[in-house]
Amino acid sequence: MIYEQPKFLPAGDRYLLIEFGNEMNLELNFMAQGLAAAAAAANIKGVIETAPCFASLLVHYEPTLIGYDDVVREFFRLSASLGSSEDIELESRLFYLPTHYLDPWTKACVDDYCAKIARKVPDPELLVQENGLEDVNHLVRLHSSSEYWVASLGFWPGLPFLMALDPRARLTAPKYNPPRTHTPEGAIGLGGAANSIYPVATPGGYQIFARTPVPIWDATGKRSAFEGSLCLFRPGDRIKFVPVTREDYDAAEEAVKEERYEYTIVEYQKFVVRNYNNWVSKVGEASNARVSA
Amino acid sequence: MIKVLKAGLETSIQDYPGRYGYWNQGFPPSGPMDSWSFRLANVLVGNLPGAAGLECQFLGPTLSFDADAVIAVTGADMRPALDGEPFPMWQSVAVRAGQTLALGAARVGGRAYIAVAGAFANEEKLGSRSTFNKAGVGGIDGHSIKAGQELPVAEGGGTPGLLVPNEHRPDIRTDRSWTIEVCAGPNDDWIDEAGKERFLNSAWTLSAKSDRTGFRLEGPEWTFTEKAYKKPKEHGSLPSNIIDQGYPMGAINLAGQTPIILVNDGPSMGGFINPYTVPSAAFWKLGQAKPGERLHFRLVSVAEAQHLAKEIAKRCVRENLVNA
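As given, the protein sequences belong to chains X and R, one line each in that order.
Going by the working numbering, the first sequence runs without a break in its numbering and finishes at 385.
Going by the working numbering, the second sequence runs without a break in its numbering and finishes at 325.
Where hints are given, some of them may not hold.
Said to hold, decoys possible - On the chain X side, residues computed to face chain R include the following (Cβ under 7 Å):
#1 Asp105
#2 Tyr107
#3 Leu109
#4 Glu115
#5 Met116
#6 Ile140
#7 Glu141
#8 Ala143
#9 Phe146
#10 Leu150
#11 Pro155
#12 Gly250
#13 Ala311
#14 Cys323
#15 Pro327
Bear in mind the hints are in silico, worked out from the structure with no lab data behind them.
Computed from a predicted structure; not experimentally measured.
Each residue gets a CB set at the ideal place from its N, CA and C atoms; glycine is no exception.
Chain X with its partners taken away, still in its complex shape (with noise of 0.2 Å):
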């Protein structure tokens, strides 16, 4: 459910939460997301910073420098300027990202947990059961079809919480219970809806079933394309996976390691929500048919 008007909850002394909703879909976040970008621009008084979640927003505040009250009319006048989620438009990069899927690494983890924790379907067989795909090279397929839309980021400093913008393309899986104490670094995979991508080599619940050589999290800071970030993402960016081969990720893992990578981004698009909106409808059907097979 979306709620006619967004509920502002108190959060200790310093904190509002800004519910939209109570369900996860794109919607909500392109609304938590068009509020944090107008509540920046607007550069209000007293707020120190907003992090948008999947159907929340949550803002920090001074209270030296702002009340409550005056934290909840600011905000509340915002998002009603912003209007239909419809009008919004969100500054989002395109990151292209070389994905060795089906790699050594990810099965090694999968086999370690199957000997040692518990016994389950290798991960990548389970996400073709749960989805009634053909196989495995069709989840490669289907995976590395879409735009993935990073809605926010958290869990681990970095770490970015994807949807996929293709319809066609939305994967479900269960999590892992109990959870793997060890996920290698750059291990893509799948919870529920989300997708995400491991940072570091971190423990993790997710279906995994592919990896990427290069870094999203550096703790140098001196990467260029992380503009003086230690994570490689903002929210509101979109992540295109790349399928590559063995040598080409060898070979992307090596120029990373020799500090000659260098990463392919788009700068110039906007996303308008409109426009998904639009496309969305037209590939709806499609999608539809696949969910109800």
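Could you slot chain R onto chain X? The hints should help.
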């Protein structure tokens, strides 16, 4: 330069309020947990209240000074000693080149703070010198200090012989029992009346499985309203599951039945509800509480919580210092 002879349990460089502006990329603010004691340490040595100092957790470090300096130690009582002689807390003190400051195990409280005139001059990361140990960001090489390291210090003056009078210091409890303010929300409507009453009227034990990312609490069961059960399935299967949302610092985050207070190095988002939030004015108490101690929660309004934070800030100013 200050040389680290012994690191202590987890001694880290922090500044206040820490690393703001990167919550949307998943970076917590970090910074000192007891910012009241921390700010007073800085004010004592003539620094800005938020300048980079050391947070010492449970067991303090041993440091040797290679130049004369004015320093102050505040917060938990770790029985500090300078060249073996008792070192007065809550005072600015001149130390000479070659002297050694040693802090032991915390006798009262959990975290001590060491400020040095001029402040620590480690490299800033994303606008802050604070250490986010878990991700290896800030501080020295991203982590808490280690034996053998040399900690850079900027030039500074500082006047020895200043003292924080008792009435301006935090009252660090000796009875192992703390009353922590909480504000209702953002997800308090997921907890039923009985659950709310149980939360506010029970003694909660601070678990040993606590660190700068989260403080785990042991106590009674939680019970929920309909909202926790009748929800779209993408929220998750547990009553405390919610569609991933932003977490405020101080959130009482309900992971299943275990409440975890998300503190300075905590996660920025996740899929559990936060029925209550500990406001910034109560964080010094969390910083001084030790595992096994009892926490009671007292409900306050947002306005009251904001007022309490202002009252603490008013105490952390130079005008309140007296001659020792």
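The hints, checked one at a time:
Below 7 Å, beta-carbon pairs count as interface contacts, and Asp105/X has one with chain R at about 4 Å; its hint therefore holds. The closest approach between the C-beta of Tyr107/X and any C-beta of chain R is roughly 4 Å, which is under the 7 Å cut-off, so the hint is satisfied. Hint status for Leu109/X relative to chain R: holds, with the closest Cβ pair at about 4 Å, below 7 Å. With 7 Å as the threshold, the beta carbon of Glu115/X comes within range of chain R, its nearest partner Cβ sitting at about 5 Å, so the hint holds.
Interface hint at Met116/X: satisfied, since its Cβ lies 4 Å from the closest Cβ of chain R, which is below the 7 Å cut-off. A least Cβ separation of about 5 Å between Ile140/X and chain R falls short of the 7 Å threshold, and the interface hint therefore holds. Evaluation of the Glu141/X hint against chain R yields a held restraint, the C-beta minimum of about 5 Å falling below 7 Å. The beta carbon of Ala143/X comes within 4 Å of a beta carbon in chain R, closer than 7 Å, and the hint placing it at the interface holds.
Checking Phe146/X against chain R by beta carbon gives a least distance of about 5 Å; that is within 7 Å, so the hint holds. Among the interface hints, the one on Leu150/X holds; its C-beta lies about 3 Å from the nearest C-beta in chain R, closer than the 7 Å criterion. Taking 7 Å as the C-beta contact cut-off toward chain R, the hint placing Pro155/X at the interface holds, the least distance being around 4 Å. Of the supplied interface hints, the one on Gly250/X holds, with its beta-carbon coming within about 6 Å of a beta-carbon of chain R, less than 7 Å.
Using the Cβ-Cβ criterion of 7 Å, the hint placing Ala311/X at the interface with chain R is satisfied: the shortest such distance is roughly 5 Å. Nearest Cβ of chain R to the Cβ of Cys323/X: about 5 Å, under the 7 Å cut. The hint holds. This hint holds: Pro327/X has a C-beta 6 Å from the nearest C-beta of chain R, less than the 7 Å allowed.
In summary, this structure violates none of the numbered hints.
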